[in-house]
Amino acid sequence: MTTLWDTTGRDVVSALSAERRRSGVVSTGLALTLCVVVEEKDVGAAEQAATRAAAEHPCRLLMVVRRRPDAAESRLDAELLIGGRLGPGEAVVMRMYGRLALHAESVVLPLLAPDAPVVTWWAGAPPDLVAHDPLGVFADRRVTDCSLAADPVAALRRRADDYAPGDTDLAWTRSTQWRALCASAFDPLDTRATAVRVIGPPDATRALLAGWLGRRLGVEVAEKDAAGDGVEAAEFDLADGTVLRIGRGDGRSAVLARTGQPDRSMPLPPREVGDLLAEELRRLDPDDTYAEALEQATGTSGLSARPRTRTHIWHDPTADPSPDPALTTT
Amino acid sequence: MSNPLRDPRDRRLPRVPDPCALVVFGVTGDLARKKLIPGIYDLANRGLLPPGFVLLGFARRDWGDGDFEELAREAARSGARTEFREEVWQRLAESIRFLGGSFDDDDAFDRLAQLLDESGSAQHNAAFYLSIPPSAFPVVLKQMERTGMADNARAGGWRRVVVEKPFGHDLASSRELNELVNSVFTADDVFRIDHYLGKETVQNLLALRFANTLFEPIWNAHHIDSVQITMAEDGGIGTRAAFYEETGAARDVLQNHLLQLLALTAMEEPSSFDADALRHEKKKVLGAVVPPTDCDAYAVRGQYDQGWLAGERAVAYRAEEGVDDASTTETFAAVRLHVENRRWAGVPFYLRTGKRLPRRVTEIAVVFRKAPHLPFDATDTEILGANQLVVRVQPDEGVTLRFGSKVPGTAMEVRDVAMDFLYGEAFTEASPEAYERLLLDVLLGDRALFPHDVEVEESWRVIDPIEAAWRAQDEAGRQPQLYRAGEWGPAAADEMLARDGRTWRRP
Numbered sequence: 001m002t003t004l005w006d007t008t009g010r011d012v013v014s015a016l017s018a019e020r021r022r023s024g025v026v027s028t029g030l031a032l033t034l035c036v037v038v039e040e041k042d043v044g045a046a047e048q049a050a051t052r053a054a055a056e057h058p059c060r061l062l063m064v065v066r067r068r069p070d071a072a073e074s075r076l077d078a079e080l081l082i083g084g085r086l087g088p089g090e091a092v093v094m095r096m097y098g099r100l101a102l103h104a105e106s107v108v109l110p111l112l113a114p115d116a117p118v119v120t121w122w123a124g125a126p127p128d129l130v131a132h133d134p135l136g137v138f139a140d141r142r143v144t145d146c147s148l149a150a151d152p153v154a155a156l157r158r159r160a161d162d163y164a165p166g167d168t169d170l171a172w173t174r175s176t177q178w179r180a181l182c183a184s185a186f187d188p189l190d191t192r193a194t195a196v197r198v199i200g201p202p203d204a205t206r207a208l209l210a211g212w213l214g215r216r217l218g219v220e221v222a223e224k225d226a227a228g229d230g231v232e233a234a235e236f237d238l239a240d241g242t243v244l245r246i247g248r249g250d251g252r253s254a255v256l257a258r259t260g261q262p263d264r265s266m267p268l269p270p271r272e273v274g275d276l277l278a279e280e281l282r283r284l285d286p287d288d289t290y291a292e293a294l295e296q297a298t299g300t301s302g303l304s305a306r307p308r309t310r311t312h313i314w315h316d317p318t319a320d321p322s323p324d325p326a327l328t329t330t
Numbered sequence: 331m332s333n334p335l336r337d338p339r340d341r342r343l344p345r346v347p348d349p350c351a352l353v354v355f356g357v358t359g360d361l362a363r364k365k366l367i368p369g370i371y372d373l374a375n376r377g378l379l380p381p382g383f384v385l386l387g388f389a390r391r392d393w394g395d396g397d398f399e400e401l402a403r404e405a406a407r408s409g410a411r412t413e414f415r416e417e418v419w420q421r422l423a424e425s426i427r428f429l430g431g432s433f434d435d436d437d438a439f440d441r442l443a444q445l446l447d448e449s450g451s452a453q454h455n456a457a458f459y460l461s462i463p464p465s466a467f468p469v470v471l472k473q474m475e476r477t478g479m480a481d482n483a484r485a486g487g488w489r490r491v492v493v494e495k496p497f498g499h500d501l502a503s504s505r506e507l508n509e510l511v512n513s514v515f516t517a518d519d520v521f522r523i524d525h526y527l528g529k530e531t532v533q534n535l536l537a538l539r540f541a542n543t544l545f546e547p548i549w550n551a552h553h554i555d556s557v558q559i560t561m562a563e564d565g566g567i568g569t570r571a572a573f574y575e576e577t578g579a580a581r582d583v584l585q586n587h588l589l590q591l592l593a594l595t596a597m598e599e600p601s602s603f604d605a606d607a608l609r610h611e612k613k614k615v616l617g618a619v620v621p622p623t624d625c626d627a628y629a630v631r632g633q634y635d636q637g638w639l640a641g642e643r644a645v646a647y648r649a650e651e652g653v654d655d656a657s658t659t660e661t662f663a664a665v666r667l668h669v670e671n672r673r674w675a676g677v678p679f680y681l682r683t684g685k686r687l688p689r690r691v692t693e694i695a696v697v698f699r700k701a702p703h704l705p706f707d708a709t710d711t712e713i714l715g716a717n718q719l720v721v722r723v724q725p726d727e728g729v730t731l732r733f734g735s736k737v738p739g740t741a742m743e744v745r746d747v748a749m750d751f752l753y754g755e756a757f758t759e760a761s762p763e764a765y766e767r768l769l770l771d772v773l774l775g776d777r778a779l780f781p782h783d784v785e786v787e788e789s790w791r792v793i794d795p796i797e798a799a800w801r802a803q804d805e806a807g808r809q810p811q812l813y814r815a816g817e818w819g820p821a822a823a824d825e826m827l828a829r830d831g832r833t834w835r836r837p
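Sequence order for the protein chains is R and A. Residues 1 to 330 in my numbering are what the first sequence lists, from first letter to last. Residues 331 to 837 in my numbering are what the second sequence lists, from first letter to last.
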């Protein structure tokens, strides 16, 4: 491990290559660069999640902690690890103070693994506009998490307005297990659904699951509130008069019930943020299914047809935030 | 009616088979305990088994469901790749049944057919895994035919059968076996397991060749000098003496694994990656393989003598328990084959396999021709070898490219260096075990990784003349060449390459 205090981006690059030579690692096998935007208070949790994801996908992990952009002096501290606490790959944790925090890309760009895809993950509340953050502009995949926003459903709406192919959200990743359960429950059916209810707390995952079911099945999907930590159940009224219900069982399973048939138990293990992130890293192409679910959930359209690249919009959080009229929604 | 929730673009959702039953004959055997049951557990743990899945074990024991569950649980606990979780097991255990009976017991098969019929709508689909000696095939297959449980139409769903190697012991017997199996099941419902084809690298060989522009243009006799395919094992025959005495290295490994690897290396590009197109190309290339005309020179057999391997003493093959003192069974085989088509004319394919070799390794080495002209002094390139592309199948799955590079310094000296791609480095996402993957393919009905009966017959066509030549050598009193355990095979194998002006690559 190397720790550099009050350093420059250039020193970080040479320290990384020195560290790599010392540990005898070659960077040819790196599949991607994972760039994590995180606040100081969330660093521990983000490190844990990124380490878990890096164990599955060896990557160069760049963690960017922006601190006090209003500080008078700019400063960069960096910590370099190879094959250590932060997984089998290479990791650089950077803390940026003062105005440097607004120019994080100047440090990060030379550290990206050559020609490997870049994934940027906001480990806290999603940005208002991805284009405000240069670390999101150069990324091939952008991962946000609406569930961390003060109002998750409004945040999801924001994501739809700001969407570009290559964006995804961990609220969507949380629905994968439920979607898999629904799909396998529908495999043996020879009838169709006439009405669908998704039951759970009013969050982005419920909205996306309902959006996906509505889009795929072509029926109205009602969302019903229930307490709990995530989706509780999905119910389908079928054309043959029976009801199919997939509900959360004990902590690790779901129960599949259909009128006139014995209940069946299916695995539904809990997943941590690291597992979700690992799932995101498995595919690096735009997720059209997510775009469709997001369209349905937010009443937007044409998301997949939007341009894939963004242009950076200068935004200074220390100045008075002025709304961008072109991107304001009603 | 197709499932509206399934969409090929939605690649996050796992492919889960239709509700079905898996019936394993010989479920108390080694293979079932070490590979099948752990594989099924891993599938369950990954959520890839359909709701209502049933595992039916059939064996010659007087057991209840409970006894079998205990054995299966132990097997899953010790053999599973993924973490053993009690609640996953409990869920799987609820769907495990055991049926005791001998294979000629009509009652037992009637009960099995009844079990499959009455377990509700889900069990119209069933796969039968024949984890039993080939000698038991006829009686089991006849029983299935008698009870009609192999009949897709009668069952109202799919019925598939999984067969393990050996697929016969020569062309005639494999034809007989194919006819027998195909008479009970339809040819498309027969899945022959060659677990090497379930390995990630073998499938990657196809990606390497057909997804890149870099390799295919030079993948021919103009640029390739020779191909070496090696499958070495450090172990001996263990407890399989009876089987091995009958079989030998050529039938055990060469006929299936090595010829399949050769087919994937040498075949033309399939028009698509579906099973039919892939099998079609493999069939074509296997049909173009010619066995050596001079088997004395280009089909070497060896047998291990006593020696030291990995710091331990190893006994000679003939001293193994259950092996005849004068056995002429080969434990090592090396052959030179040619593929007679435009792409490969004149390129020798050297295949070798053996037991008690220094280490366990399987690899395909493509050796390129040397540069036609070197603008360097002869002394500069003295230690420059031929360029090689090596596909490592196991262990350390990956690809290595060897090429010349200048040694730093004022003198112009060129030496071989290696560029390495290691699967575990770029993707540590755990690859599924071969059996886990292949079992899932059987249940999904994906035939791409299973050799077709025609491929098996073509392989025997190559092996039979070699075996015949060796039998003739036996009669002439010529024995397989001995090699010390812990050596890379007998001297004759090295001489075979030396005669062609080549050497074996040390894997």
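What the hints contain is simulated information worked out from the structure, not anything from laboratory work. Just so you know, not all the hints are guaranteed correct.
[What the hints assert, rightly or not] On the chain A side, residues computed to face chain R include the following (Cβ under 7 angstroms): (1) Asn333; (2) Pro338; (3) Arg342; (4) Leu343; (5) Arg345; (6) Pro349; (7) Gly377; (8) Pro468; (9) Glu475; (10) Val620; (11) Asp624; (12) Lys700; (13) Leu704.
[Unchecked claim] To list a few chain A residues with every Cβ distance to chain R over 12 angstroms, as calculated: (14) Arg341; (15) Pro381; (16) Arg391; (17) Gly565.
[To be verified] What follows is a list of derived Cβ distance ranges for each label pair: (18) Thr2(R) with Pro738(A): 24 to 30 angstroms; (19) Thr242(R) with Arg339(A): 25 to 31 angstroms; (20) Trp5(R) with Gly568(A): 58 to 64 angstroms; (21) Ala640(A) with Arg85(R): 34 to 40 angstroms; (22) Trp5(R) with Glu642(A): 51 to 57 angstroms; (23) Ala748(A) with Gly251(R): 47 to 53 angstroms.
Here a beta-carbon is modelled for each residue, glycine too, at the ideal position from N, C-alpha and C.
Hints versus structure:
The restraint placing asparagine 333(A) at the interface with chain R holds, with a minimum CB-CB distance near 5 angstroms, inside the 7 angstroms limit. Hint status for proline 338(A) relative to chain R: violated, with the closest Cβ pair at about 10 angstroms, above 7 angstroms. Here the hint on arginine 342(A) is kept, as its CB sits about 5 angstroms from the closest CB of chain R, short of 7 angstroms. For leucine 343(A), the interface hint holds, the least distance from its beta-carbon to any beta-carbon of chain R being 5 angstroms, beneath 7 angstroms.
For arginine 345(A), the interface hint is violated, since its Cβ never comes within 7 angstroms of a Cβ in chain R; the closest pair sits about 10 angstroms apart. With a cut of 7 angstroms, the hint placing proline 349(A) at the interface with chain R holds, because the nearest CB-to-CB distance is about 6 angstroms. For glycine 377(A), the shortest C-beta to C-beta distance to chain R is roughly 5 angstroms, which falls under 7 angstroms, so the interface hint holds. Annotation: interface hint on proline 468(A) violated; nearest CB of chain R at approximately 35 angstroms, more than 7 angstroms.
The interface hint given for glutamate 475(A) is broken, as the beta carbon of that residue sits about 28 angstroms from the closest beta carbon of chain R, more than 7 angstroms. The closest approach between the C-beta of valine 620(A) and any C-beta of chain R is roughly 40 angstroms, which is over the 7 angstroms cut-off, so the hint fails. Nearest Cβ of chain R to the Cβ of aspartate 624(A): about 44 angstroms, over the 7 angstroms cut. The hint is violated. Because the closest C-beta pair between lysine 700(A) and chain R is about 26 angstroms apart, greater than 7 angstroms, the hint is violated.
About 28 angstroms separates the beta-carbon of leucine 704(A) from the nearest beta-carbon of chain R, more than 7 angstroms, and the hint is not met. With 12 angstroms as the threshold on Cβ separation, the claim that arginine 341(A) sits away from chain R is violated: the shortest Cβ distance comes to roughly 6 angstroms. Listed as a non-interface residue, proline 381(A) fails to keep its Cβ farther than 12 angstroms from every Cβ of chain R; the least gap is roughly 4 angstroms. No Cβ of chain R approaches the Cβ of arginine 391(A) within 12 angstroms, the least distance being about 29 angstroms, so the stated non-interface status holds.
Annotated as non-interface, glycine 565(A) keeps its C-beta farther than 12 angstroms from every C-beta of chain R; the closest such distance is 30 angstroms. At roughly 27 angstroms, the beta-carbon separation of threonine 2(R) and proline 738(A) lies within the given 24 to 30 angstroms, and the hint holds. In this structure, threonine 242(R) and arginine 339(A) meet the distance hint of 25 to 31 angstroms, their C-beta atoms being roughly 30 angstroms apart. The hinted range of 58 to 64 angstroms is satisfied by tryptophan 5(R) and glycine 568(A), whose Cβ atoms lie roughly 60 angstroms apart.
Between alanine 640(A) and arginine 85(R) the beta carbons are some 35 angstroms apart, a value that agrees with the proposed interval 34 to 40 angstroms. In this structure, tryptophan 5(R) and glutamate 642(A) meet the distance hint of 51 to 57 angstroms, their C-beta atoms being roughly 54 angstroms apart. Distance hint check: the CB atoms of alanine 748(A) and glycine 251(R) are about 49 angstroms apart, consistent with the given range 47 to 53 angstroms.
Hint check: violations occur at hints 2, 5, 8, 9, 10, 11, 12, 13, 14, 15; the rest are consistent with the structure.
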